[in-house]
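Enquirer: Residues per chain are reported as follows:
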Amino acid sequence: MSKLIQLQKYILANDFQFSRLESSNNDDDRKHAVLTLAGYCAAVVMAIGYIVYIAFDLYINEESMLFFPILSSILFWALGFWTILSSIKKMIFSSDTELIFSLPIPLWQAKLFNVIKLMILYLLITAIAVFAGILLHMFILPDFWFVLLSSLILVVILPLLVITTTFIISLAVKILLNFFRIHSNVIEALLTFFLFLSPLLYITYNSASLNYKDIFSTSSPLYLFGIISNSTSEFGFFYLLSLLAITLVLVLITGYVFTKRYAFLVASYSTSSKRRARDSSTVSSNSSFKSLFSKELKLYLSSITYVSNTVLTPALLLIGSLAYLFNSSPLLYDTTLELSFITLSSKYIFILFTTVCILLTTTTSSSLSFEGQSIWILLTSPLPLMDLAKAKIALNMMLFVPGLACAILVYTQNFSSSLLDSLLFISFTITSLLLISITGFFVNLKFPNYNWSSEMEIIKQGKSTIITAIISTGLISITAILITLDFNFTFHLLLLVNVCIILFLIYKLRGSSLLME
Amino acid sequence: MLSINNLTKLYKGSEKGIRNLTLDLVEGDICAFIGMNGAGKTTSIKSIVGIHSFDQGAIELDGVSIEKNPQEFKHMVGYSPDTPVLYGNMTGYSYLELIGSIYQIDNETINEQLNTLLKKLNFGSAIHDLISTYSHGMKQRLVLISILMHNPKLIILDEPFVGLDPNATYFLQEEMKKRVAEGSIVLYSTHVLEVAEKLCNKVVMIHNGEVVVNDTMINLLSESSLGEKFRSITAHE
Numbered sequence: 001m002s003k004l005i006q007l008q009k010y011i012l013a014n015d016f017q018f019s020r021l022e023s024s025n026n027d028d029d030r031k032h033a034v035l036t037l038a039g040y041c042a043a044v045v046m047a048i049g050y051i052v053y054i055a056f057d058l059y060i061n062e063e064s065m066l067f068f069p070i071l072s073s074i075l076f077w078a079l080g081f082w083t084i085l086s087s088i089k090k091m092i093f094s095s096d097t098e099l100i101f102s103l104p105i106p107l108w109q110a111k112l113f114n115v116i117k118l119m120i121l122y123l124l125i126t127a128i129a130v131f132a133g134i135l136l137h138m139f140i141l142p143d144f145w146f147v148l149l150s151s152l153i154l155v156v157i158l159p160l161l162v163i164t165t166t167f168i169i170s171l172a173v174k175i176l177l178n179f180f181r182i183h184s185n186v187i188e189a190l191l192t193f194f195l196f197l198s199p200l201l202y203i204t205y206n207s208a209s210l211n212y213k214d215i216f217s218t219s220s221p222l223y224l225f226g227i228i229s230n231s232t233s234e235f236g237f238f239y240l241l242s243l244l245a246i247t248l249v250l251v252l253i254t255g256y257v258f259t260k261r262y263a264f265l266v267a268s269y270s271t272s273s274k275r276r277a278r279d280s281s282t283v284s285s286n287s288s289f290k291s292l293f294s295k296e297l298k299l300y301l302s303s304i305t306y307v308s309n310t311v312l313t314p315a316l317l318l319i320g321s322l323a324y325l326f327n328s329s330p331l332l333y334d335t336t337l338e339l340s341f342i343t344l345s346s347k348y349i350f351i352l353f354t355t356v357c358i359l360l361t362t363t364t365s366s367s368l369s370f371e372g373q374s375i376w377i378l379l380t381s382p383l384p385l386m387d388l389a390k391a392k393i394a395l396n397m398m399l400f401v402p403g404l405a406c407a408i409l410v411y412t413q414n415f416s417s418s419l420l421d422s423l424l425f426i427s428f429t430i431t432s433l434l435l436i437s438i439t440g441f442f443v444n445l446k447f448p449n450y451n452w453s454s455e456m457e458i459i460k461q462g463k464s465t466i467i468t469a470i471i472s473t474g475l476i477s478i479t480a481i482l483i484t485l486d487f488n489f490t491f492h493l494l495l496l497v498n499v500c501i502i503l504f505l506i507y508k509l510r511g512s513s514l515l516m517e
Numbered sequence: 001m002l003s004i005n006n007l008t009k010l011y012k013g014s015e016k017g018i019r020n021l022t023l024d025l026v027e028g029d030i031c032a033f034i035g036m037n038g039a040g041k042t043t044s045i046k047s048i049v050g051i052h053s054f055d056q057g058a059i060e061l062d063g064v065s066i067e068k069n070p071q072e073f074k075h076m077v078g079y080s081p082d083t084p085v086l087y088g089n090m091t092g093y094s095y096l097e098l099i100g101s102i103y104q105i106d107n108e109t110i111n112e113q114l115n116t117l118l119k120k121l122n123f124g125s126a127i128h129d130l131i132s133t134y135s136h137g138m139k140q141r142l143v144l145i146s147i148l149m150h151n152p153k154l155i156i157l158d159e160p161f162v163g164l165d166p167n168a169t170y171f172l173q174e175e176m177k178k179r180v181a182e183g184s185i186v187l188y189s190t191h192v193l194e195v196a197e198k199l200c201n202k203v204v205m206i207h208n209g210e211v212v213v214n215d216t217m218i219n220l221l222s223e224s225s226l227g228e229k230f231r232s233i234t235a236h237e
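Sequences listed follow chains A and B, in order. Residue numbers for the first sequence follow the numbering used here, beginning at 1 and rising by one. Residue numbers for the second sequence follow the numbering used here, beginning at 1 and rising by one.
Don't take each hint at face value.
Said to hold, decoys possible - Restricting the straight-line Cα-Cα distance to at most 25 Å, the calculated cross-link-like pairs of lysine-lysine (PhoX-like) are:
id	chain 1	residue 1	chain 2	residue 2
1	B	16	A	31
2	A	446	B	16
3	A	463	B	12
4	A	31	B	12
5	A	446	B	178
6	A	390	A	460
7	B	68	A	508
Said to hold, decoys possible - Pulled from the structure, derived: some chain B residues nowhere near chain A, Cβ distances all over 12 Å:
id	residue
8	1
9	19
10	27
11	46
12	132
13	143
14	146
15	159
16	162
17	174
18	176
19	180
20	199
21	220
Stated by the list, open to error - Stretch by stretch, here's where chain B covers chain A in the computed footprint (C-beta under 8 Å, at least three residues):
id	stretch
22	287–293
23	376–389
24	413–423
These are computed hints drawn from the structure, not numbers from a lab. Built from N, CA and C at the ideal position, the CB exists for glycine as well.
Okay, chain A solo, but in the shape it has when bound (with noise of 0.2 Å):
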């Protein structure tokens, strides 16, 4: 065990570039180190402020009762859609699996070792954020000893709850996917993320009011086995008990059947490595765009991580202007919010929702990171850049595609909008879509990354992924306010914007090159 404790350390200073901070010679390296290690910081200090929120809130209106069941409840879902969005296969096997392997420890060990890792992890994520919360409480609730022990029970659970919990959800769609011959990372992301979101959503949905405290404390995995922390008495203890009893049992099965079918799941998880039945033995030289696009959208699907981090926003955009469409609920048209200079009608919500599900992802940010090692395929083509950009920016136009006609449907039908009105919508949604594409292609050449490990670090943690994210949130911002102010005004002024920023990304790619430093 002393091996496995030893080989973990080693691996998660590695992965969190401790190592890297601690052993290298480069200045470059260093300093990138202590960017990351500072972004992890930053993130761990704005988690803490959120639950010490949350804690101060409850304490303030009286219901610190209610502070274990929120916090498992925000640390079991936020926990859960991180892990399906790093993808259940990290769990299963990585980079260093083979090595893991041929080490000299038990088996047992090294088909664990992915979900050991992520367990400890989560263990210190957990035990962060509830005694960072509890510190609050921890004198005010009656019975201190209890808390205290509660919170242990809680870091232990709710991990295991979580890493169980996930993976069981994505083999069940894997498995039910395969019984239906169905092999699409699109479908499969999307199911696995419903499934496991779905009774979050249908409690928010049967919720009487959008109050925080509400939805969390009934979505709780603790209110969910009959047990809420306000009881301090021995039959409240006798629950939390059970739950830790039940989550064992569960844990123990899985990891009986994760390892005795071990290669099940990792042929299951790997990529299908079926022969390809081809009617032709000839090569047909397509046009460069056409062929590029086809490669890129090869790829894109090839990665169930790049799939669901990317795959939500557009689908959630088909969804919600399907439900326009179809008037599914009353409240989707009756709805005005009131702010205290302007009231919102649902024509602008809409146009505000659009513009959220549009500007809020981009597959272009992580684009030519994750083309990894392979870049030097590109690098020493003799393609011009913008080529490259086109089939890039075209991955991501068109997965909105479905979504934006639906959403243009919507907005010139159902809300009778004059024939003007239907081409500004139209012009400023497009140009908004191709303007973020273009922001997330250009970022990424700034600041490409090759030589990753994991998808994840490009995906959702790489700093043209982050940039473009604040971008993102900035042109959503000012998207809100001047529409807010004045729509008709200022959205002849966004779509010329839009066309302005689009023309001089443009020109700026066009002097540019794909060149590694």
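With chain A held as given, fit chain B onto it using these hints.
Expert: Quick look at chain B alone, frame taken from chain A:
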């Protein structure tokens, strides 16, 4: 003619890289690029093929500069890296189609070249498999097919014999001789000095980022073998 003049490329925050590489290769030349691990061979090669930017110097092929006209330059170059990382989710055929489209090779030429190359490199039906299922040697062979397919003027290979089976190694050596006889230039890095002695007419040795030998093979072999020369240069390491 490949003309490299004072090529210097140093990595940021480090002294590693290559300094003042000057090299002229003409049609018919096969040049061996020799050096210890980390000497600067791959850095030089990556600069020549347009992967890396470089700090100073000039690289031209038939008067076309890689800096001023990278597309035209790259059209004339075929490159095989030391570790061929390819698109694993594509089949070998799809990859060759992609390369064919990028280099705008007409279908007739591709298929004519391809049938011969596939047979010679004994690829068989594996060309329809996903690249992720290929061994290192198979990836190496696929890259060789993709570069030979478009008849490049300059062929640059980074340790090309690593991972190749004896048949593929023999094919590559013969193909190098054939291509240079037809007017191409071959530049390749290697640690297999015995093969280089027989195959190459020029040799460049790099040590700690500096060019220490830049001569014809005949001249060099008149003094000592390639192995002896290499050992004498690197003896103090």
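Enquirer: It remains to establish, for every hint, whether it holds in the given structure.
Expert: Tested hints:
no.	hint	result
1	16/B <-> 31/A	holds, 18 Å
2	446/A <-> 16/B	holds, 23 Å
3	463/A <-> 12/B	holds, 19 Å
4	31/A <-> 12/B	holds, 12 Å
5	446/A <-> 178/B	violated, 42 Å
6	390/A <-> 460/A	holds, 23 Å
7	68/B <-> 508/A	holds, 17 Å
8	1	holds, 19 Å
9	19	holds, 17 Å
10	27	holds, 20 Å
11	46	violated, 8 Å
12	132	violated, 5 Å
13	143	violated, 9 Å
14	146	violated, 9 Å
15	159	holds, 14 Å
16	162	holds, 16 Å
17	174	holds, 24 Å
18	176	holds, 19 Å
19	180	holds, 20 Å
20	199	holds, 23 Å
21	220	holds, 30 Å
22	287–293	holds (count 5)
23	376–389	holds (count 8)
24	413–423	violated (count 0)
Violated hints, in rising order: 5, 11, 12, 13, 14, 24; the structure is consistent with all others.
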